[in-house]
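Trainee: Sequence:
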Amino acid sequence: MRRSPLPTQQRFSLTRLLGLPSIRGHLPLVLALCIDAIGTGLAGPLVLLYLTTVVGLPVATAGLVVTGSGVLSLAVPAVAAAVAGRFTPRTIVIFALILQSIGMAGLLLAVLPAGRALPILVSCCLLTAVGGRAFWSSIFALIADAADAAGSAGKESWFALSGMTQGVGFAVGALIAGALLIIPGSLPYVIALAANSVSMIAAAVLLARDPGHARRPAPATGDDHESGRVHRDGPYLLLIGANTLFAFCSTILAVGLPLYVVHGLDAPAWLIGPLLAMNTVIGATCQGLAVRATSRFRRIRVLVVAGLIWAAWGVVTAVLGLAPVWLVIPGLIISVLVYSIAELIHAPVSMGLASDAAPQASRAGYLSWFQYSFALATIAAPGAFAVAFAAAPELPWLITSLIGLLGCAAILVAGRGLAPRLRR
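Residue numbering for the sequence shown follows this note's numbering, beginning at 1 and increasing consecutively.
For the record, the hints were derived by calculation from the structure and aren't laboratory data. Just so it is clear, CB atoms sit at the ideal spot from N, CA and C, and this is done for glycine as well. Don't take each hint at face value.
Between beta-carbon pairs, the in silico distance windows are [to be verified]:
1) Gly185 - Arg86: 45 to 55 Å
2) Gly185 - Leu402: 21 to 31 Å
3) Val413 - Thr91: 52 to 62 Å
4) Arg229 - Leu327: 34 to 44 Å
5) Gly185 - Gln360: 37 to 47 Å
6) Ala78 - Thr52: 26 to 36 Å
Modelling step: build the complete structure from the supplied sequences, incorporating the hints.
Mentor: Below you can see the structure in the form of structure tokens.
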């Protein structure tokens with residue numbers, strides 16, 4: 001006997017319990033995010049190894065090519081903001097995925113002697129970096145459009161869904177990469193880069209088939225924040241500055257934990273993998289719950305709490321250098337858990353705040369500029385950590401605590417200027 005369909009309220013009770021939105025009408029978008037993340041998690045960690053192992057570049061040259069491409073791509077968010085009035089976020093994201101796919105496919109030419117010319121390698125790395133930066137500059141505007149089209153009152157749940165989907169994808173890709181490396185020779189690297197190139201094309205095709213998006217509103221006129229002139233929108237610029245400080249705190253775990261565990265605490269190196277994996281699992285499963293738990297509170301206050309937690313995390317991590325040996329491993333577990341709580345509540349709430357604080361007509365451009373907070377933090381964190389660590393292993397964590405507190409102060413000031421625009 002055929003079963004009758006479940007009532008809508010019962011059918012989606014699990015997603016509501018997890019603090020996630022219904023993806024009805026947006027399954028292609030979610031699948032695209034997951035497939036792209038799997039490909040990126042698979043190939044991303046292996047690009048530098050590919051350039052040194054397969055291509056034969058010196059480590060310093062390979063690092064300079066990859067880092068230089070990333071620095072040159074810093075202009076992309078500004079360009080994405082400038083063209084946001086002419087092209088929809090979906091169009092820009094699809095274009096970005098195609099650029100990345102071409103770049104990855106071009107790197108595969110290095111299996112042939114003619115493809116190992118440095119100009120070709122630089123061009124391919126630059127295409128990949130520009131495409132990646134364009135993707136992150138526009139993907140959140142695309143997700144916000146999807147939330148609007150679905151009639152969602154709060155965008156945090158959509159940003160949480162995207163974060164969880166991408167987190168799972170990155171983890172799966174990294175596991176596949178680890179399994180591939182069992183195979184000797186250059187074949188694992190070729191498979192990884194080829195799979196990443198194909199995954200980006202697949203994601204682009206899925207996004208092109210995603211049916212439901214809010215219409216892009218006509219440009220508004222009036223005040224600076226209403227007419228899209230983000231460079232004259234003081235409160236929003238302060239929001240970007242505050243989030244740069246929070247993003248610095250968010251970046252420090254992956255950058256600094258391996259060095260601190262091995263050289264600061266003299267702990268076993270095998271701890272690094274499980275600790276980072278624990279953070280990944282928490283981020284991939286609990287963002288929706290964090291959104292649900294914080295939905296009753298003002299976003300500014302939630303971000304202040306995240307900053308305070310990061311400040312406490314920095315102190316906890318720093319004092320592990322003074323802890324007895326038996327306390328180091330439990331202390332590291334507690335440290336990562338504390339960090340993960342701050343990251344859980346910061347990631348979706350900061351994007352929801354940035355989206356709602358932007359004028360509707362210029363939201364895509366504003367969110368492109370907002371990505372500078374993450375880009376600048378990602379560039380600054382490794383060097384800042386290394387310099388501070390060289391002075392004293394505990395110093396970078398104490399600096400992170402101070403930066404978290406500065407972020408709290410900055411977001412409170414920004415919140416006063418943004419208050420008239422915000423629902424909560």
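Trainee: Taking the numbered hints from earlier one at a time, note which ones the structure violates and give those numbers from smallest to largest.
Mentor: 2, 3, 4, 5
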